[in-house]
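J.: From first to last, the protein sequence lines stand for chains A and B. Position 654, counted from 1, in the first sequence is what our numbering calls 654; the numbers after and before it change by one each time, with no gaps. Position 9, counted from 1, in the second sequence is what our numbering calls 9; the numbers after and before it change by one each time, with no gaps.
Source of the hints: derived by calculation from the structure; they are not laboratory data. Any given hint could turn out to be false.
Claimed, not checked - Going by beta-carbon spacing under 7 Å, a handful of chain B positions derived as facing chain A: (1) G64; (2) I68; (3) V84.
To be verified - Simulated DEER-style distance windows between Cβ atoms: (4) B:G179 - A:E39: 43 to 49 Å; (5) B:G179 - A:E137: 52 to 58 Å; (6) B:K423 - A:S110: 46 to 52 Å.
This one's a predicted model, so the numbers in the text were calculated from it and none came from an experiment. Yeah, the Cβ is synthetic: ideal placement off N, Cα and C, and Gly gets one too.
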Amino acid sequence: MTPTLLIALASMTASPLLWEEEVCCSAHLEAASWAAPGEALGFDEATGRLARNFAPDRGLDHEHMRLAITVPDMNVPRATCALALTARAIAYPVSTTTLDARGMKITAVSSEGRTTSFEHDGRVLTVHLSPPLPPGERVTITVAYELDDPARGLIWTPESDRYPGRPAQIHTQGQTNTNSFWFPCHDSPDEKLTTEIIATVPAGYVVSSNGALKEHGNATIGVPGPLNSQRLQAAETYHFTQEKPHAPYLVSLVVGKFDVVDVGDVTLSMPVYVPPGRGEDAKKTYANTTAMVRLFERRFDEPYPWAKYAQLVVHNFEAGGMENTSATTMHDNAVISDEAREDYDLDGLISHELGHQWFGDLTTCHTWDQIWLNEGFATYSTDLWWEERDGVDRYDEQVREQFDTVLNADKGSAPGSHAMISKVYDQPWENFRRPGNPYPKGASILHMLRRELGDAVFFGGIQDYVEQRKLGTVQTWMLRQALERRSGKQLERFFEQWTLRPGTPTVAVSWVYDPQRTKLRFTVEQKQQIDPDNPAFEFSLPIFVKNSAGPDVMIEPFLFAKSDTFEVELEGPPRFVAVDPDQHVLARHEVAQDPAMWLRQAQDGPTLVSRVIAVRALGASNESAASEFLRRTASDESQKKWLRVEAVKALAKRGNAVDVRGLVSSARDRWEVRQAVTEGLVTLANSEKLKDDASLRSFVSRTLAARAASDDSLRVRCAAVRGIGTLGLTEHEGLVREAIQVSSQSDDMRQAGLAALAALKTGDAMDVMIAFAQEGSDNRTRGSAIELIGRLAGTDADAATREKGIKALAALLSTRSARPRFAAADALADTGDPSVIAHLQAAEQAAQAPELAARFRQQRERVEKKLAEGK
Amino acid sequence: MPETSPLLAAVLCVTPVALAQQAPPVSPAPAEPVPTSQPATRESVRPRPDGTAPRDPAHGVDEGDPRIDEATGRAVQTFRKDRVFDFLSQRIELDIPDMNTPALAGSTTLSATPIAYAQSEMTLDSVGPLVTGVRVDGAPVRFVPGEKTLRIDLGKRVMPGQMTTVTIEYTLDFSDAKGEGLTWCAPRDGADSPSAQVPMIHAQGEAELNSRWFPCFDSPEERLTSEIIVTCDSTYQVVSNGTLIEQAAASADVNGAARTRWHWRQAQPHAPYLITVGIGQWSIVEVGGDARPGLSMPVYALQGQEENASTVFASTPEILAFFEEKFQEPFPWDKYAQVMVRCFAAGGMENTSATFLASRVGGATEANSRDDLIAHEMAHQWFGDLVTCKGWEHIWLNEAWASYAEALWAEEHARRGAVEAGKDPAAAARAEYLRQIGQTMRSMTRRAPAEAPERPALVSRRFINPDAVFEKRDNPYSKGVVVLHMLRERMGDEAFFRATALYLDRHRFSAVETEDFRAVFEEVSGLSLERFFEQWAYQPGLARVAVTPTVSGSDIVIKLEQTQRIDRHNPAYLLSLPVVVTTPEGTKEVTTVTFDTREATMTVHIPDGATRVDIDPAFTMLAHVTPRAFDPGTGEAFAEPAPTRERSPRPPTPPAEGETR
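Construct all of the structure, not just a fragment, from the sequences and the given hints.
T.: Below is the structure:
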């Protein structure tokens with residue numbers, strides 16, 4: 001029997017009702033984006049509908065794609081393409097299939113042995129096959145099409161007078177679903193196929209793509225000559241093959257002129273592509289790649305999966321890096337010059353994208369709500385690299401930072417807030433930006449699992465997971481099962497509360513010591529919202545008790561209620577109590593401990609983290625005995641960098657001006673400490689208590705000026721320049737203007753200078769910002785300048801400035817580069833001016849892709865909301 | 001445990017105040033996570049102020065939100081137990097001095113190895129056995145019997161992969177047990193059957209009841225080989241799982257009567273709850289035969305009911321061969337015994353290779369009259385025994401399949417009947433199959449639906465006593481059957497049964513979750529079934545659709561409205577309802593309406609003289625549609641769907657919730 005539903009299987013994907021991604025989005029954006037108090041995300045009371053995204057049905061299994069792309073002129077954003085897609089009918093006869101094909105011009109579709117017809121609505125290419133393709137049989141569908149300056153996916157940077165000498169360049173960006181702007185595909189991560197890219201480009205340009213370079217040779221391209229003639233132009237053809245299946249969004253193409261250096265070894269080629277002239281810098285910047293590959297191979301017990309590992313520094317990159325299979329792309333500034341080598345380090349980004357080659361590329365999230373299986377692991381890969389390179393303290397510091405990021409952001413509760421994993425979203429990229437963010441929360445979850453299971457079992461489980469799921473797509477339960485099988489533990493509760501529920505616990509720990517009974521009685525309360533949608537979290541919380549009269553005590557009570565009490569035998573009163581000193585649980589702590597005990601913990605805590613936490617607590621106290629300890633720690637070169645930096649911050653927070661001033665001369669050995677001292681001075685001089693202290697201000701002014709001019713570290717110089725702005729030290733305006741003229745690593749000095757100038761609100765600040773917001777500036781500097789325009793054009797600006805700023809921002813909404821374009825939309829919204837609504841509306845209407853329109857729409861809605869609230 | 005932690009060295013004892021239910025450690029606590037490993041969940045629902053036990057959350061409440069325990073804020077749910085050891089085999093020896101006294105001396109030997117962490121202690125489930133001694137690899141060790149557990153000090157540290165053998169000696173008085181664990185059924189003077197004039201003993205292990213007669217790790221996730229050795233009065237027979245490997249004379253009993261030692265072995269691993277024993281006096285009728293050669297299928301009939309047994313169970317080999325073909329997986333076990341059990345609390349129990357049935361079943365007289373029950377328990381030999389639910393929240397993976405297999409056999413039986421009668425076999429099979437499904441659907445729609453959050457969904461950990469899961473309103477039997485039916489309708493027979501076979505093949509001899517099941521069915525079909533399971537397995541209830549047709553010329557405008565409760569806990573279902581117009585020529589024109597909102601409206605063209613319009617006549621959606629059929633001329637409802645065949649000659653069997661297992 002063939003049920004009626006299945007007769008039309010092939011056309012199902014075209015039916016909007018079954019194509020989840022489409023259904024949820026347009027009509028229910030509001031419900032999907034945020035919920036009013038008491039309402040559930042995604043649920044629409046009026047229709048009774050819960051808008052969620054699920055993977056689409058697949059009638060065909062796409063097995064191989066061969067894409068030939070010809071670019072006649074690198075300065076004209078047009079290309080001619082021929083796609084051959086080989087696919088197999090999975091379970092049902094297929095007479096109609098659909099491919100995502102956005103914006104391109106389709107000229108012909110055919111398939112061998114079958115009558116083929118097609119329709120293309122600018123979004124979806126529908127192909128009819130006659131006779132239908134029987135289950136298990138294969139077909140190769142060929143599509144001829146033309147690209148004309150794609151709106152997304154293929155980022156074309158032509159030569160420009162604004163950037164003299166910079167060669168034209170193409171790079172692609174597929175995540176989340178933008179590769180379908182340059183080739184028709186099933187643009188969803190639940191598909192995996194082998195790919196082949198054959199690119200013919202003008203002679204002299206270099207091509208990179210996924211996998212191995214199979215062939216490279218000379219060719220010719222016919223280009224239009226005078227009077228309808230054609231002339232032949234010298235070209236080169238590069239033929240890459242990716243022989244292991246990967247997801248469509250990971251397909252990559254880069255065309256440009258580069259210095260290429262190989263940082264690999266005999267077993268694996270690791271070419272790094274950087275702008276001409278930067279080869280030597282690249283060698284040093286990427287020097288640790290091989291060591292990272294070896295570490296990850298060992299940790300994941302899986303050889304690096306791909307034919308090579310290329311890293312490409314490209315122009316106009318929207319994010320930090322993109323883990324295209326075997327061909328990672330990186331942002332413009334991802335190469336470090338000699339001057340900045342001391343205080344700049346790209347290993348974080350390099351290890352993140354490299355980790356993705358296993359997690360994301362070899363195992364791929366089945367749907368975007370599962371993105372933490374890519375991003376959490378990639379983030380955690382960096383933690384592993386720090387641990388390997390710098391030791392366990394650096395690992396712990398990194399984990400603390402991730403914990404703090406999550407705990408500060410992920411405070412919501414169901415049903416009004418998103419869990420880290422949630423099928424309720426409008427655009428797929430929203431999954432990457434939740435308060436329960438898949439990067440730090442995902443990494444924190446992996447760290448917690450490592451603590452819960454122990455190193456051997458945790459890594460063993462991860463290795464099993466990779467082994468079982470490699471070259472496949474993954475869902476969280478697959479990871480859970482692998483870890484459960486290895487450990488014997490049930491981890492459903494763990495994954496349910498940390499991944500499927502929003503929010504994080506707040507744990508209040510207090511105790512009473514009973515000397516008669518020699519018992520320490522603890523009360524532990526969970527203070528976050530608790531109700532049927534948000535039951536109490538359940539976890540074991542390690543607590544270390546420093547004993548004054550006997551051996552130290554470590555307990556690990558299992559907590560599962562709003563309030564739990566338990567007792568510990570202790571011969572004398574505790575010297576201090578360190579809650580979760582080894583970071584087992586992602587929870588906020590409220591520890592009722594007096595400053596004297598915090599001080600003891602800061603001196604004597606069982607772990608570095610527990611000491612750092614105590615130092616932070618001292619920062620919030622005015623226990624006078626702590627100053628001496630903090631000052632000594634900050635300037636003691638034998639102490640851990642992290643502890644020293646935290647000690648400086650604590651002193652600044654406490655308002656210990658004398659101590660921080662003392663550090664200017666006594667703590668000079670490390671740039672991190674100098675930076676903390678510099679920022680600490682700014683904090684002090686800006687504090688409510690001390691802002692009228694003329695002597696302090698004068699000292700800080702002198703110090704900042706000196707550091708801005710001559711510190712060895714670029715980061716310290718930048719911090720000083722920014723401080724000048726923060727404190728409004730107009731006497732150093734000259735230094736700020738100088739900073740704006742300086743080219744430096746990542747253009748950071750200029751960005752610091754612009755920020756300071758904007759803070760000083762000089763008469764020409766708006767003009768300067770507008771000048772640097774234009775093409776010709778560094779891509780990120782443009783973004784910063786644009787943001788500052790928005791701030792300068794804010795509600796307290798005079799009408800003329802405001803108008804000038806808004807006009808400049810409105811013009812930037814159509815700039816070619818995406819980062820400044822989105823920054824302009826954000827900045828317009830920041831102004832909160834009613835006039836920006838029309839600009840954003842126009843940009844939304846002009847947008848050539850729904851995800852672009854959504855960016856503008858969301859900013860417009862932000863302004864509208866702000867205005868409505870204002871009234 | 002965190003081996004990396006620099007702090008472990010300092011682990012000391014905690015005296016839990018709030019965690020007082022936890023037994024103190026036997027010996028200075030080893031690294032084992034004593035507090036964390038306790039499921040403790042079951043204690044989270046506290047007795048009511050009047051001291052009575054609260055309703056099991058599996059049953060839900062009529063009003064309110066029972067998802068958490070108000071006092072603690074803790075979610076009311078049961079998680080699987082952590083597995084600390086992998087148990088490889090268990091040998092259980094029972095010495096019954098006197099069949100007239102429900103007491104025995106027991107001894108059980110487990111071989112086990114720690115899964116991931118070194119262990120110096122072992123905790124087993126044990127409710128009732130009075131433990132007199134424990135030996136580990138031959139050496140006596142200390143132990144602490146708890147209310148429901150037995151904690152054993154292994155006297156050494158056992159490393160993962162290292163095998164250890166634990167032998168427990170105990171006595172058991174099971175005179176109070178009724179249907180749970182080991183039941184002693186008193187002789188009934190003057191009973192018709194001699195079998196009933198003597199005592200009978202039988203075991204019932206599901207859900208977690210076998211730990212009432214032998215200490216074990218009583219979790220469906222565990223899998224081990226087992227041996228049962230019983231020494232008892234020689235006038236009795238002993239039946240158990242697997243193969244009888246020895247039957248020998250043993251020491252006489254207290255009264256000097258001869259005794260026999262029976263030794264059964266189940267050589268393939270199965271879950272602890274499937275271990276069984278039956279001791280009684282039966283007539284053994286072999287019903288195996290040509291339909292499925294090579295497999296012994298003894299029926300342990302009450303004496304005097306041999307004829308009935310050979311009639312009622314005659315279909316056993318036929319059904320078994322049919323399932324082997326349908327599931328593409330040979331019958332997994334050494335034999336297939338069906339044992340008539342007196343004082344049996346349930347209808348049937350699918351102990352591996354030794355199904356127990358209530359003795360009344362064996363008293364039936366008509367051939368094929370209990371095929372439903374026979375098919376149900378037999379299907380469990382694959383679904384439940386070969387592939388076992390990992391936790392009780394997934395029990396539908398056992399029960400739905402067993403119940404669905406009843407419909408599969410009914411379908412097949414009708415096909416064979418039609419062939420014999422010279423009728424259209426496909427039509428007859430389909431009609432009978434749909435009749436069965438329709439019956440299940442109707443039985444469900446008659447009852448109040450399960451709604452969230454008051455009641456848990458088909459797959460839910462909201463239970464305390466696993467026995468309650470079998471009886472909950474979003475029922476693993478009836479709703480489970482319809483879920484499988486919907487899946488088959490959506491996937492088509494070919495893909496559905498190919499996926500079924502792959503599912504069995506991939507997960508044979510292991511424990512499964514609903515996700516494992518979904519993954520296989522998605523892999524085979526290419527369909528995305530996450531939403532399907534989301535709304536049918538993880539959301540309770542069913543759809544109710546009110547159909548309002550309005551005749552408008554040669555068109556009919558049909559308004560469809562989901563009338564079940566809809567709110568954020570119970571969003572509207574995604575429904576695809578086929579609307580079937582029967583033309584005067586008898587052909588059917590199908591239009592499908594798909595909607596996931598409260599309301600949808602569709603317009604259907606009605607050809608001249610069309611006779612009827614049916615909405616989803618094949619029940620492809622778990623939706624109570626009213627009316628299911630109407631007259632296209634007037635829009636008036638037909639009272640009942642067209643009868644698909646004459647009434648079945650046998651009495652209808654409503655899905656026996658909580659009765660058959």
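J.: Should the interface hint for B:I68 be scored as holding, given a Cβ-Cβ cut-off of 7 Å against chain A?
T.: holds, 5 Å
J.: With respect to the beta-carbon atoms only, verify the hint that B:G179 and A:E39 lie 43 to 49 Å apart.
T.: holds, 48 Å
J.: Could you tell me whether the CB distance from B:G179 to A:E137 stays inside 52 to 58 Å?
T.: holds, 55 Å
J.: If I claimed the Cβ atoms of B:K423 and A:S110 lie 46 to 52 Å apart, would that claim hold in this structure?
T.: holds, 49 Å
J.: Are B:V84 and chain A close enough, Cβ to Cβ, to be under 7 Å, as the hint says?
T.: Because about 6 Å separates B:V84 from the closest Cβ in chain A, which is inside the 7 Å limit, the hint holds.
J.: Is the hint on B:G64 kept, meaning its closest Cβ partner in chain A is under 7 Å away?
T.: It is violated, given that the least Cβ distance between B:G64 and chain A is near 9 Å, above 7 Å.
In this structure, the one hint that does not hold is number 1.
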